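Asks: Residue-level listing of the chains:
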Amino acid sequence: MEHLQEEKVSYLQVLKNGIFKENVIFRLVISLCPSIAVTNSVRNGFLLGIAVVFVQVMVNATVAVLRRFIHPRIRIPIFMLIISGWVTIVDMLMAAYARAAYKEIGLYIQIIVAFASILARAEMFASKNKVLPSIFDGLGSSLGFLAALVTISFFRELLGKGTLLGMPIVHAKPLLIMVMPTGGFLVVGLLMGFFNWIDMRFYGGKGAGGAGGH
Amino acid sequence: MAVAKKEHQLIVSVSPHIRSEETVSRIMWTVSLSLLPAFAMGVYYFGPKAVYVTALCIIGSLFSEWIVEKMAGKELTIRDGSAFLTGLLLGMNMPASVPFYIPLVSSFVAVAITKQLFGGIGYNIFNPALVGRAFALITWPRAMTTWLTPTASFIGMDAKTTATPLGILKEEGMHKLIEIFGDKMTLYTKLLIGHRAGSLGETSVIALLIGAAFLIYKRYITWHIPISFLATVAVITWIFGGKEGLFTGDPIVHLLSGGLILGAFFMATDYVTCPSVRKGQIVFGIGCGFLTALIRLKAGYPEGVMFAILLMNCFSPLIDRNLKSRVFGARKEAKK
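Chains as they are written, first to last, in the working numbering: chain A, 1 to 214; chain B, 215 to 550.
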């Protein structure tokens, strides 16, 4: 990330970088837990993605504002405090205004605190950059996450239930395994392989080397 | 290898210099051949549908192998028979009544995902045919447990369904099984010949044993895994299988029914996914037997051979690493 400070990189590029080149799930291979847990329907995946976009942008903005006052030694606990503050706000907002969705994915909203992707962006980008670039970086990374969740849940819902957003699409027998966690692993792995294949085939990339994490 | 083909050249190569005639493809085709008697019995009892299902599995396997290797730009290995064997084993592990998409999808899962995505032949952790079947069983639980009654007639194939002996044993108990088959001896004989409901290739124990004996004679498989597997199942079901107390179970019924013989001789002995150390193979067999008996007697499924072998496949590398024999003269490695 160092080069971003030196060279002048456009905001659009920061945004695109988060969505494609450093896509949280398919390129960095972190935050896999929600990508399997909440993606059995498009609606759940989309809602969690929106919550993550909000938290990520706010966390990045807050960290960038406070970056000069955070002592490097205790930066991680401070980041965690900031993250959990914003997650609590989202949690309470959802509990108050979106009760039906909260019943289904409420648990995972609280788990956003522990998402590796959010801490990673705060540590790697927001703590070293100004507020506006940090906001764009947060937006890019979390939009990439949102897109990944929607893509995964699209396939899982279509194959596993034969529906999209609750509406019946396919009338054949659904693949039961796809709505189970096993199907989540299968879809994430196959999509990751597919995107790597596209990257290698058409853009000359080397494929993702993931670290893993949840 | 291109160099070795040119004659009249001095070639400096590393050992081994004397190679056996055995190749992967020869072994694969021989194993496929040894499965033929059991397959023929399946066709005899379940009719043309058995051929149909197995053919779909084989076509699906070969096509999956071709398309993945084409996409990955790898050398095509369709001719080596490994995909054929996977398709054949998968077909023999299915009920003859499944609709056409089940063989196609599960053979894709078996070959493309379980074998090719892990690196192709020799690199898969799990037995491809068994993963294909596990996928099918979890995805279409109803279709995969609808068993045809063996009819032994090619005409008048009314799809009558019935339960497998293990299913009856689990649900109703031994007395019901004897009631259905007449007496104990008829039960044993029918199980041995294969006149019972089940996956199309697993029913005929005698035909499977002929194939297995051929493989052991050719030294393609050794006795270690099958015998320890079967013995463990027999002992555990004998001790804990009965309803009236210890030592009242019927090990013979357990040995002759389900996919035990097919699994023990043809699936558990897959070179890639079982330990290569002899001692380890016995541990592997005992583990498979223990898990099979556990699932049959205590778990929700009536049959557990598939899950038992798949679970033990995970442990193969671990077993190999801990039981490999010391190289002669080498000092024992210090424990880390």
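Just to be clear, a hint being listed does not mean it is correct.
Straight-line distance between alpha carbons at most 25 Å, and here's what the computed DSS-like set of lysine-lysine pairs gives [said to hold, decoys possible]: (1) 173(A) <-> 374(B); (2) 493(B) <-> 538(B); (3) 457(B) <-> 398(B); (4) 173(A) <-> 493(B); (5) 374(B) <-> 390(B); (6) 493(B) <-> 390(B).
Hint data in this document are derived by calculation from the structure and do not stem from the laboratory.
Since the model is a prediction, treat every value here as computed from it, not as a measurement.
Asks: Compare the structure with each hint and give your call.
Replies: Results of checking the hints against the structure:
1. 173(A) <-> 374(B): 22 Å, holds
2. 493(B) <-> 538(B): 8 Å, holds
3. 457(B) <-> 398(B): 17 Å, holds
4. 173(A) <-> 493(B): 46 Å, violated
5. 374(B) <-> 390(B): 19 Å, holds
6. 493(B) <-> 390(B): 40 Å, violated
Hints 4, 6, counting from the list given before, are not met by this structure.
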